[in-house]
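Trainee: Guided by the hints, dock chain U onto chain C, whose structure is given.
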Amino acid sequence: MTATRVGLLAGALVLLTVPLWVPGDYYVSVCSQILIYAIFALGVDVLIGYGGLVSLGHAGLFGIASYAVAYMLAAGIGHIAAVVIALVLALVGTALFAALSLRVTGIGFIMITLALGELLWGLAYRWISVTNGDNGISVANRPAPFGISLNPPAHFYYATLVVFALSVFATWVFIGSPLGASLKGTRDQPRRMNALGYHVWLIRFYACMFSGLLTGIAGILFVYYTQFISPQTLTLTASAEPVLMVISGGSGTLLGPIVGAALVEIVKNIASAYITRWNMLLGAIFVAIVIFMPEGLVPGSRRLVRALLKACAKAPAAAAAEPNSGEPTP
Amino acid sequence: MTALSIRQLSKSFGGLHVTRGVDLEVAPGERRLIIGPNGAGKTTLFNLVTGEIRPDAGSVALFGQELTRLPSRRRAHMGLSRTYQIITLFPKDTLLRNVTLSLLGLSHLRWNPLLRLDRQRSLIAQAEAALARVGLGHLAHRPLAETSYGERRRVEIAMALAQNPRVLLLDEPFAGLSVDERRDVKMLLFAIPRDVTIVMIEHDMDVALDFAERITVMHFGEIVVEGTRAEVVADPRTKEIYLGE
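Residue numbers (my numbering), protein chains in the order written: chain C, 1 to 330; chain U, 1 to 245.
The set of hints was computed from the structure by calculation and includes no laboratory data.
Some clues are possibly wrong.
A few chain U residues that face chain C, going by a derived Cβ cut-off under 7 angstroms, partial list only [unchecked claim]: (1) Ser72; (2) Arg73; (3) Phe90; (4) Ser102; (5) Leu104; (6) Leu106; (7) Arg110; (8) Asn112; (9) Leu115; (10) Arg142; (11) Pro143; (12) Leu189.
Virtual Cβ for every residue (Gly too), placed ideally from N, Cα, C.
This is chain C alone, in the form it adopts within the complex (with noise of 0.2 angstroms):
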């Protein structure tokens, strides 16, 4: 059996015992965030990390999502075309930012993607009439399926969880897939890619769409998960930190955001209680992610390790070339 696999399936067992070890709801609810967090930095790792897009704004598609299935659910309809409305609006939502901002790239996209958010912002903050302003939407309950209710939040984490390991195969798949690898071309060499007969917009635009995707499925958790949607959740804060999330775990890697978001989420959750001022914690941790490992912490843990073998590997080969070592000569 391969390291990979070992990893896969300790990572598994130990998600799947979470309500088990872990010690309270609170900290079971807490873990659900981060399966949710983990499923929207997946979708902004799939633009950063491979398409070399840097998103400001995909709160707003966070937000276009939840605020649909509360707006939907508060309506008076049924749980499941919610959720399904609510991912078609957030990918026409996607369609639309990707058309608008994809006329660009570098920081011209940072920028258009950044205005569309706080567009989006703008509009669910003075909208008032469907988004209810600044005292938000609540969501009376969660869905039941299959008879299961999800409030108990063991129940809401393990249906997260399986929302979250079907995102990370999709993810695992489109990015080992023919289109994932010409996403990545478009990402190193953009004009190569032209040349070579492929269209880098569409591309893209595929790319955005993919992002869209997993964004308005984590959106749709969120609102469920917190079972209340205010303009809180689409401002530049909330669109920067999957982007933090993505970067600190290590772009263009399937498990940097995952662990990028347990970090965020952790330090936002649980170190917040005892230390008031938590962001700086954070941040102090961003500054030495940067300067100890700037590629992020999968891919810098990779090095350390892989470093450290090599080191153990060197240490017995160099004492057995060392002739006598430790016996007297005659």
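Mentor: Below, chain U alone, put in the same frame as chain C:
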């Protein structure tokens, strides 16, 4: 029918005329060399032919098919392939992945988000064959970043040839190569079959003149001399351009 037909092609950047009314006809299977001092407009001409730059006036046709208004990516699908003066590859990937990307560019598979690329045996076998053709089969799984400059030049050529082009544009394929590497690349270019028309920009006259059947001399964005090797060498305008009056 000509393989590549360029008529009155012009491009200016502000007040600078980079190409001025360029006319060029390249016959099928021909080996054409384009020479000229730095800034003569040779690479710009390639960029205009491949569609990376839009011309201000004029037209480009490939085997009689008009290309002028087609986007760059469509030209690759019509059989136009090129290499770059400054090596433009995918440094994070292996040699095999570089060539696979080249093949994928012309395949419908490139839109597939569900299949695993590393399990596309036919595509990978073609990429391995393309690498073997340029003598790099044994390095297929090496990351590009760990290869020499000469090997990267050959990867560029492998990527271009993998697309089975009808017209191949080579932009200074010998630039920066050692004597041995030049010999290897030269042998490689000589081995390209005649169903591929080649237009090459090159400064290394010793190598390029051996290879080319006809030579075009460009200067200040215009074609100044055109003919066989003997005609071009004998033309006083060539001497004037390279040596001064």
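Trainee: Could you run down the list of hints and mark each one as holding or not?
Mentor: Now the hints, each set against the structure:
no.: 1; hint: Ser72; result: holds, 5 angstroms
no.: 2; hint: Arg73; result: holds, 5 angstroms
no.: 3; hint: Phe90; result: holds, 5 angstroms
no.: 4; hint: Ser102; result: holds, 6 angstroms
no.: 5; hint: Leu104; result: holds, 6 angstroms
no.: 6; hint: Leu106; result: holds, 5 angstroms
no.: 7; hint: Arg110; result: holds, 5 angstroms
no.: 8; hint: Asn112; result: holds, 5 angstroms
no.: 9; hint: Leu115; result: holds, 6 angstroms
no.: 10; hint: Arg142; result: violated, 17 angstroms
no.: 11; hint: Pro143; result: violated, 13 angstroms
no.: 12; hint: Leu189; result: violated, 19 angstroms
Hint compliance for this structure: hints 10, 11 and 12 are broken, all remaining hints hold.
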